[in-house]
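Student: Take a look at the letters that make up each chain.
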Amino acid sequence: MLQQVFISLNEGFLKTLEIFILTLLGAFPLGLIICFGSMSHFLPLRYLVKFIVWCVRGTPLMLQLLIIYYGPGLILGNNWWGNGASGRFTAAVVAFIINYACYFSEIYRGGIEGVPRGQYEAGQVLGMTKSQIFFRVIFLQVIKRIIPPMGNEIITLVKDTSLARVIAVYEIIWSGQAFIKSHGIIWPLFFTGVYYLLFSGILTLLLGRLEKKLEYFRV
Amino acid sequence: MSVLEVKNISKSFGETQVLKNVGFTLEKGEVIAIIGSSGSGKTTLLRCLNFLETPDSGQIIVNGEVLFDASAGTKFSEREIRKKRLHFGLVFQSFNLFPQYTALANVKLACELLAKEREDYREKKKLILQEIYEKACDLLRQVGLANKMHLYPHQLSGGQQQRVAIARALALSPDVLCFDEPTSALDPELTGEVLKVMRSLAEKNTTMVIVTHEMQFAREVADKVIFMDDGVIVETGTPDEVFGNPKQERTIRFLERYSELQARDNTEQHL
Chain A
-5 MLQQVFISLN EGFLKTLEIF ILTLLGAFPL GLIICFGSMS HFLPLRYLVK FIVWCVRGTP
55 LMLQLLIIYY GPGLILGNNW WGNGASGRFT AAVVAFIINY ACYFSEIYRG GIEGVPRGQY
115 EAGQVLGMTK SQIFFRVIFL QVIKRIIPPM GNEIITLVKD TSLARVIAVY EIIWSGQAFI
175 KSHGIIWPLF FTGVYYLLFS GILTLLLGRL EKKLEYFRV
Chain B
5 MSVLEVKNIS KSFGETQVLK NVGFTLEKGE VIAIIGSSGS GKTTLLRCLN FLETPDSGQI
65 IVNGEVLFDA SAGTKFSERE IRKKRLHFGL VFQSFNLFPQ YTALANVKLA CELLAKERED
125 YREKKKLILQ EIYEKACDLL RQVGLANKMH LYPHQLSGGQ QQRVAIARAL ALSPDVLCFD
185 EPTSALDPEL TGEVLKVMRS LAEKNTTMVI VTHEMQFARE VADKVIFMDD GVIVETGTPD
245 EVFGNPKQER TIRFLERYSE LQARDNTEQH L
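Protein chains in written order, with our numbering: chain A, -5 to 213; chain B, 5 to 275.
FYI, nobody ran anything at the bench for these hints, they're computed from the structure. Mixed in with the good hints, there may be bad ones.
Only pairs whose alpha carbons sit at most 16 Å apart, straight line, appear in this in silico EDC-like list of lysine to aspartate or glutamate [stated by the list, open to error]: (1) 88/B x 57/B; (2) 228/B x 253/B; (3) 153/A x 12/A; (4) 88/B x 12/A; (5) 24/B x 57/B; (6) 124/A x 84/B; (7) 124/A x 82/B; (8) 228/B x 9/B; (9) 32/B x 179/B.
Construct the complete structure from the given sequences, taking the supplied hints into account.
Tutor: Below is the structure:
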């Protein structure tokens, strides 16, 4: 029995982990693109991007999951996610990526705008190119500035993955809850909390280590 | 031939005209001090020289070569502007050292990046980097920081940071070294060490344009003093002329106000 619970929870956790990793892989770069859009000098683009960010940050992630999964089929009459578990999983990951990219974009923007103008100017008067200034001077300062708020978002994502169950993605909470129906026991559901705690604990340690690594300088 | 000729520079930000037909010349080895109250356009003038701002009109000529001519109306590529900038060095009021690099790396960085563009970089990489390293060490020694070169900016005092910034600006051997109120962000007890370095540069005949509020320093070190007010050059002359025998009403008032402030500061310090 115990073994059966762990096998099932591990499977669910694997799904959770997949959503987590794929979301980060997608949202890190997409967030940067959105960030550049929201800082664009081309006003229509900037306002469009800001409007999208407002919509995404201003509505519940659960609602976004439902709209992204059911929207194409029910409104456009074409369920491009495909049927079955893999379709639901893809839709969930897409929803997570869009949602988190919008949050990340604001963090990037804060990080980039937080670097004083003088850093760019110092690079310029030293005859450096724009890309040299960005990669050799600005980039690391941005990274250092965004680690704490990024850490927050990343830890939040660990727990947000559980929302995927509203479109029936079999993540860990789903696996735990299944034991109530099948065996009439609730402890597996409660025990999923331990997985979350361990995972976010490991992440906290890793983020702390990264922060420590960049402690040799101050911005 | 003058190292630097500035002719009729004007610059507006929106409705406000910050510089009105400003012009001066600078000979090799000369030091010009630009004085004037805040908002008189001194800093903007330096920023124009360093291509951080583009003047609306006027010319900038270095060693006879026209670097900038507003009437020509050409837009320069990034590459061209970079090349033009190398004639000038700029030391900022707020130092602007790169925080993630040591003092030594701050001084070396731009030279190393620039060296990569040399055709013989691949073959002579080791030699070139060694030269850059030695030059940087030498410069840091000159500003009295030989024993601090492996420290990061936050581990240095303001005065030490500004001295690193001076070494960094010197590393590219600019024709004209510009200072934008280099001691204004420093605690009073730290200005001395920075002024001392600048004085020794002047003794070595470094061509400099110094925007400063340190009147005593300007008087001692400068060959020429420019007093600016409201975007125009009101008075130019030797330090003795401008400080000792100012001719313009505005210069007189500025210097009076300044010595009053100075006197008040002194009494406050004594209290």
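Student: What's the verdict on residue 124/A and residue 84/B, does the C-alpha distance respect the 16 Å limit or exceed it?
Tutor: Roughly 13 Å between the alpha carbons, so the hint for residue 124/A and residue 84/B holds.
Student: Within 16 Å, alpha carbon to alpha carbon, are residue 153/A and residue 12/A?
Tutor: holds, 13 Å
Student: For the pair we were handed, residue 228/B and residue 253/B, check the Cα-Cα distance against 16 Å.
Tutor: violated, 19 Å
Student: Going straight from one Cα to the other, do residue 32/B and residue 179/B come out at no more than 16 Å?
Tutor: holds, 8 Å
Student: Is it true that the CA of residue 88/B sits at most 16 Å from the CA of residue 12/A?
Tutor: violated, 52 Å
Student: Against the 16 Å threshold, does the CA-CA distance of residue 24/B and residue 57/B hold or violate the hint?
Tutor: Measuring from Cα to Cα gives roughly 15 Å; hence the hint holds.
Student: Given the proposed pairing of residue 228/B with residue 9/B, does the C-alpha separation stay at or below 16 Å?
Tutor: holds, 14 Å
Student: Quickly compare the C-alpha distance for residue 88/B and residue 57/B to 16 Å and report which way the hint goes.
Tutor: Answer holds: residue 88/B to residue 57/B is near 13 Å, not above 16 Å.
Student: Assess, step by step, whether the Cα of residue 124/A is no farther than 16 Å from the Cα of residue 82/B, and give holds or violated.
Tutor: Between residue 124/A and residue 82/B the Cα gap is close to 8 Å, so the pair holds against 16 Å.
When the structure is compared with the earlier hints, violations turn up for hints 2, 4 and for no others.
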